[in-house]
Structure formats: C-alpha cells, structure tokens
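Starting from the structure of chain V, add chain Y where the hints point.
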Amino acid sequence: MTNYIIRRLLLVPVLLFGVTILVFAMLQFLTPVERSALYVRDVPKNDKQIQGIIKMYGLDKPIYVQYWTWLVGKIDRVSGERRGGILFGDFGYSRTASQPVAELIKTRFPNTLDLTLWAIAPVILIGIWMGVQAAVHQNGFIDQAARIFSIVGTSFPTFVFGLLVLMLFYAHWHWFPPGRVSDWASIVLYSGSFHHYTSLLTLDALLNGRFDIFLDALRHMFLPILTLSYISWATFVRVTRSSMLETLRMEYVTTARAKGLRERDVVNKHARPNAMIPVVTLAGFQVIGLLGGVVITETVFNYPGIGQAAANAAAQLDVVTTLGFAIFNGLILIVANLVVDILYAVVDPRVRLS
Amino acid sequence: MSDNTSSGKSTLLSEPAPLSKIGWLEHFLGPENYRIVKGLLKTPASILGFVLIGLFIIIALAAPVIAPPVGNDPYKIPRDGYSSEPRPMMSAWERGVPPLPFWWKAVMKTDNWVHILGTSQGQYDVFYGIVWGTRTAFRTGFIVVIATFLIGVIIGSISAYYGGAVDNLLMRIVDIFMTLPFLLAALIMAAVLTPKIGRSLIPVIIALITFGWMGYARIIRGDILSIKERDYIMAARVIGVKDGRILFRHILPNAIFPTLVLASLAIGDVVLSFAALSFLGIGTQIGYADWGQVLSFARNWISSLTTYWYIVVWPGLTLVMFVMGWNLVGDALRDVLDPRMRGKT
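In order, the protein sequences belong to chains V and Y.
The first sequence begins at 10 in my numbering and counts up one residue at a time.
The second sequence begins at 16 in my numbering and counts up one residue at a time.
Same shape as in the complex, but just chain V (with noise of 0.2 Å):
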C-alpha cells in the first residue's frame, strides 16, 4: 500500500512539471507585448510601460529564462513586491474581466464548487439505484430504459439539452431562469448585512438565516443541475449496471442464494457492497470532470463560474486569462486525480498489487 501511494506521489510533481510546460508553450504564440499582461496589476497606459514591462521581466530573453520568471516571477525592486509567478498564485491581469485573473478565479469558482457539489448528489443516487436494477431484471422494463436512455443522454450535446430545457422551463414556464440569484437577492448579497462565510452561496444563505436567498440560488442552479446530472448520469447508469452483472454472477452470490436468503438481501447485502468499487471509483472522477468540464452548461445558463468565465475570456482571445484558467484547472485536477486514486487502492486492494 505504502509503496503504491509513493509510487503515486511520485508522479505528481512529473504531472505539474509536464502541465506547466504545456501551458508555457501555448503562451510562446504570443507576442512579447501581448505576454507582458502576466505582469501588470492594470491595464498599461502606453507604450513605453509596455516596453518596460517586457524589459523588466524578461520577455526578450531565452526560452528558459522566461519560463523560470514565469513560475516564480520576480521581486519588485521598489516595493519589495512579488510580481507574477504562478507557484505564487498571481496568474497575471485579465484583459477582458478587468481584474487579476487570481481575483476572477477566487470569485467564480466558489460558484463552481456550488453547483458541481449539488449536482454530483442525483447523479450518484439515482444512477446507482437505476443502475442496480437495471442489473437485477437483466433486459426487464428498467434495464431497456436505462439503456436508452443512456445512449439517448450520451448523444445530447449540453448545449442543445441545456437550450432545449430553457425553452421549456424558462421561455415557455418561466419556473427556472437562468444565472446565479434574482436581482432583489443579489442586492442583499452585497448590502454588507450578508456573511460570506464559505463563499458557497447556497451554504452562506443557510448560516445567515436567510432562507429565502437559499431558495431563490436553488431554483437558479435547478436547470444548470438538471443538464449536468443528467449527462453524467447515462455513464453512472451503465458502468453501475454491468459492474453489478458481473458481482452476479460471482460464486459467493450464488451460495448465499443456496443458503436461502430473501433476494432483497443477496442483492442489497452481498452484492451491491462488492459492485460498488469501480462506481466509486467513478464517483471521484465524475466530481473531477465536472470541475472541469462546467464551460458549455456555466455558458448556456449564464452561470457566473469558472467555465463562463474560461469561456467568454477564450471567445475574446484573451489567452492570458484562459491560460490562467488552464494553470489552475491543472493544479485541482491533479490533486483531486491523486486523491481519487489512492482512495480506489484503499478501496480495491487488487489494484495497488497490480
């Protein structure tokens, strides 16, 4: 076990390494003027700060140079300052949203880890349930259900299921609107007499008592939700599904058949407790996806996360701010991949033997 997980860490700073230089190379297809935005704390005023910038910095130098500026940045000599750097944490200035991208992402993923945290929840819930007993009546009612809509769900591109569902519960209903709270609720949020506790809004709202502002995010994320949950539900589905089939069909189900239990608790017992590993396993990875993956769903709601904010940055070419995006999308996935798999090797021993 011990040696698997060091095996494991190992890899990681070769992972933060690779996606640094990943991302480095991407920035070199800019200009050095363009590439001086990694530096400033506001939009530069002419030229000749330009020029100073690119001096001071380095962004004339070699390759390597640049690169090494780049990941620890450098001291400003006046101030004492620290300035760039992304080991730091400061991702340079975004053009597009007026502010250092850090600023940008310390506001907009809160509202990411908000949504993703609501929509793993039916996903897990449902998909299991559906999934277990799609495996129990093998081709019955639920398993041909499942399977199409598993492939009906796989083949909906989130932005036509997402405009689909706006259509109709927006348009046409008007229950769910789209963005992160009503107007008479955002003024509250910023009155000052509201507690950013935790940054996540629908959690702030409950510890300030305020249980309208509660509601009010909920039935915002209900559509962005709706489109996520349902996407990643069709793989929870089938991989729940023939991970159960398998179990089945294990020896060990059979003699506790033989010994007489009630079906209910050869499945629910024995069974599905054994079906689970890769499913958690899942699980993990479905968080980590959906971190990552929000930019369409964030679009097409107007919802203020990291992945609107990616995704309106890309669509103005500010490639500073996406970069920055890039970096720090990076940095979560890699320790949340590390986290995932260290917990399937606490969870399945073959795997850490292997």
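Everything labelled a hint here was simulated from the structure, so no lab data went into it.
Cβ atoms here follow ideal geometry from the backbone N, Cα and C, with glycine treated the same way.
Incorrect hints may appear among the rest.
Across the chosen pairs, the derived CB separations fall in these ranges [claimed, not checked]:
(1) 263/Y with 96/V: 42 to 52 Å
(2) 63/Y with 76/V: 44 to 54 Å
(3) 135/V with 263/Y: 40 to 50 Å
(4) 321/Y with 73/V: 55 to 65 Å
Same frame as chain V, now just chain Y:
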C-alpha cells in the same frame, strides 16, 4: 492470419481449399476482425445507427442539389437582409434568393423559394446552415480523426514496441496531455491560434487534434503489448528481421483494427466537440455553415424561445441525430470488443 493475406507471395495462400469455405470478407479481414464487423451488423440499434450515418452522408453529398448555393463560397450561409429578429418557418425569401433546385416545384408546389426552417438572428437561413453544415461536420470529423489516429498509432506503437524508458516517457506525456479537461484545453488552444491564423476551421481542427490523440495511443499500446508476446514475433526476431519491419509488417496489421474501428466511430464525438467550440464563439467566421454556430445564434433569444423555437429545435435535432448515429454503432462495438464477450457471437 491476416498477415499472410497481406503478403501475396506466401506459399500458404496457394492452397485454395480453406479459402473457398469462408466468405471473401472474412478472408480479407481475418477471423478476429471479421467477428467485429459481423457483430456490428447484428443488432437493430447498430443498424439504425448505420442508417442515420448513411442519411447524413447522402445529405452531405447532395448538398448543392438540396440547398443550391448563392455566390462563390457555398459554405457562407445566404442572408435575407440584416435585421436581427428571426423569421418564422416557411416565410417568403425576399433578398438574394437562391436558384430553385429541380425538386422544388414537385415537392413544394410553388415557384418561390421560402425559408423552410425559418431564419435565425441576422437572417441566416437555418435550412441552408443545416444542409451545408453536414459537409462541415464530415470534413472536420474526417480530418481530426485521421490525424489523431495517426499520431496515436505512431506514439502508441513506439511506446509499446520499445518499452522501458521510452514507454515510460511517452506514457507520461500522454498523462500530461490528459490532465487538462479536453474541452477547456481545446478551447484555449483554439483561442491561442485564432489571432495567428484568423477565424476559420483550422485553429479548431488543430486544437482538437492536439488534445485528441491520447486515447488511441493507449489502446494501440495495449493491443501491441499482447501481440508482441506471440510466438510468430519471436520467430521473426530469431531469424533477424529488423525492428521497423517487425513493427510495421508483423505487429501493426494485426493490432490496428480495433483502434481503427474505434477511431472511425469517434467522428460523432469530434463533431460534437467542434460544435461545442463553435457554440462558445470560437472557430469559423460568423455566417459559416456549421451546426454549432447556427445554434449559437439562439443564445440571444433565450427569453423568447417559445416564439422562435425553430432556431434551436432543428439544428439541435440534427446534431443529436448525427451523434446518436455514431453512438449506436459505437455501443454495439463496445459489446463486440469486450473480451468477456469473446466467442459468444
């Protein structure tokens, strides 16, 4: 083995007896690959998939007949004026009317060309966008799939054949490319390239290729690793055949087929990603016939989609049908390729 069939001079082939008993297709593909093809053509779902794909191929080929182009560039969706508000289905075409196709009078019983599926924001004809968008879809799909397949196969086979440090290095590179979420990575790459190349298909295609090859590298690597251990490879090595020849003549032809089929079915996914990027506003010029862009016109009309439903439903349905066609076939393929299903077809 299909290896024998590829070298015409083999003495084994001059014995005609076994050849007459199996079909020409099985002879051509070899027993294992033949099993895959047969499995694909068995279920009603996969046949429906093939029908859908075939339908889209016909639409793509017949595009100039179905929706005759206006002007020099057929991929530019003709506009009927410049007002932003969409116009309903079957409304009359007023400015820049395209030439009438031969089937028009017989089917529509009129001499006037109309907006069959309405116009979208900016008076772009939805029907035209869908028909010519089919060509765009196949074009990008083919280019990206072929390129990612080639890169994946080259990297995967080098990795598997040489093993050791080379394998380790290449597979870590694969890991690194897989760290970033695919769509985000492609989005960024396209945004980086667009100012250099200009708005066109090319930045998006390059972006999809750059972050799309890793899966094939992994699959072909696994297949080669298992074939590498077979006796006939050992025999080839013993008699002193060179590395390159063993890899390209003896291993690859036997290992490549599953990856090839997987790759060809990935066209649906590629088109989906391409449409997604287009929808986000990355890629072709405004007014280029591609499904993602036709759909993105709807983004400004979300609160009035009850009235303008046709600007979402028709292009959306087209995209869903296209992707579903490939997914249905792909689903059957997964069953066939699953090693636990071997011998059950």
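### Message
Please check whether residue 263/Y and residue 96/V have a Cβ separation lying inside 42 to 52 Å.
### Response
holds, 44 Å
### Message
Within 40 to 50 Å: is that where the Cβ-Cβ distance between residue 135/V and residue 263/Y falls?
### Response
Taking Cβ atoms as reference, residue 135/V and residue 263/Y lie about 49 Å apart, which means the hint holds.
### Message
The hint says 55 to 65 Å between residue 321/Y and residue 73/V; measuring C-beta to C-beta, is that right?
### Response
holds, 58 Å
### Message
Range first: 44 to 54 Å. Now tell me if the beta carbons of residue 63/Y and residue 76/V are that far apart.
### Response
holds, 52 Å
Violated hints: none; the structure is consistent with every hint.
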